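**Student:** With the hints as constraints, model all of the structure from the sequences given.
Residue numbers (the numbering used here), protein chains in the order written: chain A, 45 to 372; chain B, 765 to 1156.
FYI, nobody ran anything at the bench for these hints, they're computed from the structure.
Keep in mind that a hint or two might mislead.
[Claimed, not checked] Below are the BS3-like pairs computed for lysine-lysine, each with C-alpha atoms no more than 25 Å apart in a straight line:
| hint | chain 1 | residue 1 | chain 2 | residue 2 |
| --- | --- | --- | --- | --- |
| 1 | A | LYS265 | A | LYS230 |
| 2 | A | LYS218 | A | LYS136 |
| 3 | A | LYS358 | B | LYS976 |
| 4 | B | LYS934 | A | LYS358 |
| 5 | B | LYS1008 | A | LYS300 |
| 6 | A | LYS146 | A | LYS317 |
| 7 | B | LYS1047 | A | LYS358 |
| 8 | A | LYS98 | A | LYS358 |
| 9 | A | LYS358 | B | LYS933 |
| 10 | A | LYS317 | B | LYS1008 |
| 11 | B | LYS1008 | B | LYS1080 |
Here the structure is a predicted model, which is why all the values come from computation and not from measurement.
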Amino acid sequence: MSDRRNFLKGVVAASGAAVAATALPTPAEARETKQRPPEALGLLYDATLCVGCKACVAACKQANDNPAEFSTVDQLWDTPLDTSGKTFNLIKMYRSGTMETKDAEENGYAFMKTSCMHCADPSCVSACPVSAMTKDPKTGIVEYNADACIGCRYCVAACPFGIPKYQYDSPTGKIGKCELCRHRYKDGHYSACAEVCPTGATLYGKTSDLLAEAKRRLALKPGAMAVFPRGNISGGKDQSYENVVGNYQQHVYGEKEYGGTQVLKLSGVPFEKVGMPNLPPEAAAAHSESIQHMLYGGLVMPLAVLGAMTFVAKRNVHHDDDDQKGEN
Amino acid sequence: MAANHNAHHAPAPVGGNLFNATTFVCGVLIAIMIAILAVRFIFGLGAVTNLNDGYPWGIWVVVDVVIGSAFACGGFSVAMLVYIFNKGQYHPLIRPALLASLFGYTLAGVGVIFDLGRWWNFWHIFWPSYSNPNSVMFEVAVCISAYIVVMWLEFSPAFFERWGMVDAKKKLNKVLFFLVALGTVLPMMHQSSLGTLIVVMGVQINPLWQTKLIPLLFLLTAIVIGYGVVLFESCVAASAYRRKIELHLLEPLAKVMLGMLALFIVVRFGDLVVRGALGYAFKANLVALAFWVEMLCFLAPFALIGSAGARRNPAKLFVAGTAIMLGGIFMRLNAFLIGYDTGVGVDTGWRYFPSVPELMVTIGMFAVEVLGYIIITRRFPVLPREDVQVAH
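**Tutor:** Below, the structure written as structure tokens:
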């Protein structure tokens, strides 16, 4: 009886130690949340400037060769209700009560752009087992390569913004998401959504420039007149114009969320109400990779456990064989 | 110890007819599954599943792979007991447990292909220029694939004995200790990583499951489920084949299981308290309810088979094994689906419940497992020889 009790203790202690040792990442070895590359490219979306014309939605479809998607019976024009494997950019609407005032939380309405945020430390890139989702080291653009993709949709599950989307209606479905129109750069173009935006609500440029511009706007007096750039803030011809300063929430969304994103947002309505989740400053990818590196870094831990197991098994399995010979 | 070994009967085929009501039903279910899979591969995942961009993973991933492979941990749990903790008396349980594991894992591996949207690229995971070692799924895929190979090798003596391949068996026996060692390390790696899969989903996973200790929780439950499955399966095999139940083995095994289970409960609640996440268990919502269902399943075995007397009662062992399996099901469903809030507090309108064809494929995979188990135990030396047969 005491033999059995000792054995039980042994089982619990040994298994417990083995698994506990492998499951507790120490802060020293933790992988820090990555920051944006210095030359990171992105967008600044200012909901108070957006008039909801959806020119950016149409331009995105055209630039990415995507078909129209319908949500009405007559199917007359492109009416997607959310981003999808074939819709990479969408303007959604917030409505409250009488919808009298634009950008008011109560009895108001507002717009919000939905597209890839190009995270500094993207969950999708960390999740992808085959490097089909990668982050360009210079521009920081989160890129997708369908030829590498196995269609596991781990990126879809991992993204807190619900951005990578899969084409479920096809036997050879791909992931679809915004890649900041990187395929148009060689022709001197930039993100189609920013190119066509008539009010500068979607602005293209280096994230460092965009962040400075966002902070400039937050410092302006609501209701006053101010100059707003349009198109590309980091180059090209000056298309700036005068407009009324919005009543902003004092928060640049994307400055710190999940370690920061390259697409930044300003809004008059609290971000959570317009579909932008409340995220901590540490990226989930950092937590996940800390655990992975801790357990499998250099294969040290698995090889050590394998060595120990081989040693013990060698003794016990051999003994077992002898018994079987005795039986035969 | 040696005397103990010699007292066991060597494994022998059960024999008997392969065509009966059970195998016929399995055959029909498998045919239905094949038809549904044909539609899936011709028209895409959307044609047969309810998968969507809010819930890109459904039961083909969570049940067939995550739960299926946990249920296949009997081989690993018993092998640890016999070879690592040198408890030779459990030896007769090894082959049947290994067989169930073999099927569970092989089918989990095959089942992944059904779910992969671009399955023809599957080999990229193993190809160095594509593979991403930072990805938890990379680790899971490589480890599970390696383990499937290791298990077939571990089980191959059953085939060698049947076909009289004495030399092959001898050669394999020389390296068996290494296969056994690999066969304990690989499941430790991927069963914990199956839990780590949810870490990168971050705040989308309810704090009741989103913890850095999730790999440890998944590993501990996988081991406990392994013993639970052995209890369940020993009772079912004994009743289906009208064989004696191996109570002298199951009673102490159940005790080992309770020990591991107690360790798990301590770690589980300790983690919730330390992280300050226990409050989520007392909210009035479906997720909190699902948490308590999971916990009750894991706590039930203490009430059912806490005493030595109760552990000699086959019915109670069977129910306790079933409770553990249900706990494992709920824990994995909760962590991946019920506790998964795709919009992070914002209702994005996405819902998921498996479609009938989706369910039929999962049921069909289970039928393959049952059919394979019947064929192999009837024709190959897996279960210990019964006295009646020796007399013949």
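**Student:** Of the numbered hints stated earlier in the document, which are not met by this structure?
**Tutor:** Of the numbered hints, 1, 3, 5, 7, 8, 10 do not hold.
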